[in-house]
Amino acid sequence: MVLTNDLELMLQEVYSLRVRRGIHRQPTQKGNLQTLCGFVKNGLGSIPPSPSHPYELNIGQLELLADQLVNCGGQCAGVPVELLDVDHVYRIASPKDLTNSSGWYKDDEKTDAETAWTNLKNEYDNREDLHAWLPLADYASGPYRGLFNFSWWTPHEPTGEVFPSAHKMGMFSNWVASLVFLLRCKVKDAEPGLTAFVPTVVDAFPQSVFHPMKDTPKPAHGLAIDLSSGPSLTTGVEEFVLAPIEVSHIDVRPLKLEANTRLRYVDIDERSTQIWEALLSYYKVL
Amino acid sequence: MSIDDKDGDHSENDVEEAWLKELLPAHGLPSLSESRVDETQELMSAPSALLWLQELQLIVAGERASKILRLGEASQFVRVIIDSSSERILARRTLNEALAEFLQEWRPSLADDNYAQESILSLITAFQPAIGFIRLSNYMREGGRFNNNYQSLAAYGPTDLQLMALTALRAFYPAPPPSTHEPGFQTYVGILRQHATNPEYAGYAVTELLKLEIFKTQDREILESIAESPISLERILPYLLTPARRAYAPEDLRNVFAHCIEIGSWALESFESIVGNQGGSVDYVAEIDFALKKRYSQSSILVPVISMKDRSTYPILLTREEIEAYTQHRYGSLQQYPIAQFLHDPLISRSALGKELTLRLEQRLKAPDFRSNISAAGDFEAQLERNGARLAISNDKICVRLQHNANILLEGLSKKALNCYLQILMYRKYEKFLKPEPRQVNPREQVDEILARAKLAFISASQK
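Top line first, the protein sequences correspond to chains A and V. The numbers in numbering that gives the first Met the number 0 rise by one with no breaks, and the one at position 248 of the first sequence is 247. The numbers in numbering that gives the first Met the number 0 rise by one with no breaks, and the one at position 5 of the second sequence is 4.
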């Protein structure tokens, strides 16, 4: 059994290390990072309990942090990358993320995302072409935004049971919902060319798992941390952040992740002390 | 370890170290008395109603917000805990017990915390505890309202908790129950009927009532809902076109189309555009022309046909009255077509152009007084001139002369309108020789004046 204080201490240490390595590897973001750290220390303290890191905030604190992140304007400010040799980029999204991020046509499915998932799954199962993806534009309009107005993508298609792919994308098992939408963004079709950005420490500020790429030499992509590679963690798949994208460039595929499958990957969970120990070791040598 | 770009150089300057020390947490071991087992992990390994109750309280209080935000909503967070539990059946059973106990004390109120309500509604929708239905329906049938514009972080913007509450109730009755006399079902139908008269929720409520077979597409309520809330059609029509409803589509579409005819042109246009958004189209068998009226009594009639992208087609069989009304709408909308666009549209044939211009002039010359007709004819001429055309007389007939000298005869103009226009031309020619007409006094004004005078006389007489 993991003790809450052990976890809390490890998260504090992860935060310290993340900030120190972040400043060192991405000096261009130093000012923003300083502002955000100051905000966590002083601004969020107004809502008890006073946080010592930004990874387990309550709703009031999260709302304040969200405003601060927008005001600091440092998001999607990493190195812009033209995705020339990539056909598609992929993302694992929860039902609510998809219905809220896009101009979902049916209002009642916005407030009841599981029904949106069920209806889309029925359509998907009745399709003629078994390998087909469903065009998101059939269900939504406008841009797909993502939380805080940007979203994380990788050129590696999640396959099989999804969890191994999610771990390579730096996601814990419990960050993956039981009902998910796989999203595929058509990079080649995007007109004008879709611009992706190398993620910065500001983009990743509210999350505990992140590998900051060095500002110099100019990076061609971000890199996730492969959480399944423990105890000595290694880098995972390439990753990018994208500013809001028109839904016409996105295809969708609904997937149900069975409980029995999840149980096989339950050890790569946010509550596992081993994984935090491995992450601390990773950050220490970064 | 295969880290791509290790450098091993971690030297920070003193200033940097100072602010880092100030802003980052100072590490220290907590006392043993503060140490406790992580509640969620305990719940996963040994689920109990008590632990769930504790977890639900933390969820609703917003203490789990960071984790919930990653998964979208409270119900997904709870599903992940259940699926990660080694005792899944026990986890689900004890969750139901805890939810029932938690909701026993819950009373919805507009004054409540919006985040808490969003979380509770998400849990009721996903897990359908009976007490959740009772609490919600009791509140809503008495007119209780939730915030319809909550700026939710999880929803990345405004979210409608009222609609969320309706969808939570829907989870209990996705289809009609075996007995429609069931009190819970009757209460739910009552709540939907309440919302069917609210323009904001009419579309949703009417569609749900259709799904529950309380309303039929031919019902007057459907027409009223579309008429009062134009966006209702955006919800009703896609539902009627779903594969589940296909068997009833010919009748459903006919009924709704007939409602649209009764409502007016905008409803018909809306119908066409929504069918278009669903990947279909509305095509018409015959050209729209009043001459067709003569044939209406026969079997050959104007038939709109809906074609969907899966190649299914639905002819809409209308009654003679509906066809007439429909043709009037179509013809009426043609008249509203701006003249500039009309004159230069290559797709409009010369004969159609002639008919349309004739009709427009005819309508302008219908005023009972001559002066209004002069002014209306002047406006019509000015519109034509702005588009490089003008009215002219050719062989005792009125025609429109276009830039390229291609005259369009207004052959169908009535004798009355033709005479009126000729009089206008005569009037314009001899206007300068006419004396100005004396000012006409309104008889009503005269009466008022006499009454006022009489009143004054009466007052002065009574004072004396």
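Any given hint might turn out to be false.
[Stated by the list, open to error] List time: in silico DSBU-like cross-link candidates among lysine-lysine, alpha-carbon distance up to 30 Å: (1) Lys414/V to Lys428/V; (2) Lys255/A to Lys210/V; (3) Lys187/A to Lys213/A; (4) Lys396/V to Lys365/V; (5) Lys120/A to Lys210/V; (6) Lys365/V to Lys120/A; (7) Lys29/A to Lys120/A; (8) Lys29/A to Lys365/V; (9) Lys396/V to Lys414/V; (10) Lys120/A to Lys105/A; (11) Lys120/A to Lys308/V; (12) Lys213/A to Lys185/A; (13) Lys428/V to Lys105/A; (14) Lys215/V to Lys365/V; (15) Lys29/A to Lys66/V; (16) Lys255/A to Lys187/A; (17) Lys365/V to Lys105/A; (18) Lys20/V to Lys66/V; (19) Lys255/A to Lys20/V; (20) Lys40/A to Lys428/V; (21) Lys213/A to Lys29/A; (22) Lys414/V to Lys105/A; (23) Lys40/A to Lys213/A; (24) Lys308/V to Lys365/V; (25) Lys187/A to Lys120/A; (26) Lys120/A to Lys66/V; (27) Lys40/A to Lys66/V; (28) Lys66/V to Lys255/A; (29) Lys283/A to Lys20/V; (30) Lys283/A to Lys213/A; (31) Lys308/V to Lys185/A; (32) Lys213/A to Lys20/V; (33) Lys105/A to Lys396/V; (34) Lys217/A to Lys29/A; (35) Lys187/A to Lys308/V; (36) Lys66/V to Lys283/A; (37) Lys415/V to Lys213/A; (38) Lys428/V to Lys415/V.
No lab work stands behind these hints, which were simulated from the structure alone. All of these numbers come straight from a predicted model, not from anything done at the bench.
Structure-based check of each hint:
no. : hint                 : verdict
1   : Lys414/V to Lys428/V : holds (21 Å)
2   : Lys255/A to Lys210/V : holds (26 Å)
3   : Lys187/A to Lys213/A : holds (27 Å)
4   : Lys396/V to Lys365/V : holds (19 Å)
5   : Lys120/A to Lys210/V : holds (20 Å)
6   : Lys365/V to Lys120/A : violated (60 Å)
7   : Lys29/A to Lys120/A  : violated (45 Å)
8   : Lys29/A to Lys365/V  : violated (78 Å)
9   : Lys396/V to Lys414/V : holds (11 Å)
10  : Lys120/A to Lys105/A : holds (15 Å)
11  : Lys120/A to Lys308/V : holds (20 Å)
12  : Lys213/A to Lys185/A : holds (28 Å)
13  : Lys428/V to Lys105/A : violated (64 Å)
14  : Lys215/V to Lys365/V : violated (44 Å)
15  : Lys29/A to Lys66/V   : holds (27 Å)
16  : Lys255/A to Lys187/A : holds (28 Å)
17  : Lys365/V to Lys105/A : violated (48 Å)
18  : Lys20/V to Lys66/V   : holds (28 Å)
19  : Lys255/A to Lys20/V  : violated (45 Å)
20  : Lys40/A to Lys428/V  : violated (89 Å)
21  : Lys213/A to Lys29/A  : holds (13 Å)
22  : Lys414/V to Lys105/A : violated (55 Å)
23  : Lys40/A to Lys213/A  : holds (26 Å)
24  : Lys308/V to Lys365/V : violated (46 Å)
25  : Lys187/A to Lys120/A : holds (27 Å)
26  : Lys120/A to Lys66/V  : holds (25 Å)
27  : Lys40/A to Lys66/V   : holds (21 Å)
28  : Lys66/V to Lys255/A  : holds (20 Å)
29  : Lys283/A to Lys20/V  : holds (17 Å)
30  : Lys283/A to Lys213/A : holds (15 Å)
31  : Lys308/V to Lys185/A : holds (24 Å)
32  : Lys213/A to Lys20/V  : holds (23 Å)
33  : Lys105/A to Lys396/V : violated (57 Å)
34  : Lys217/A to Lys29/A  : holds (17 Å)
35  : Lys187/A to Lys308/V : holds (27 Å)
36  : Lys66/V to Lys283/A  : holds (25 Å)
37  : Lys415/V to Lys213/A : violated (87 Å)
38  : Lys428/V to Lys415/V : holds (20 Å)
Checked against the numbered hints above, the structure violates hints 6, 7, 8, 13, 14, 17, 19, 20, 22, 24, 33 and 37; every other hint is satisfied.
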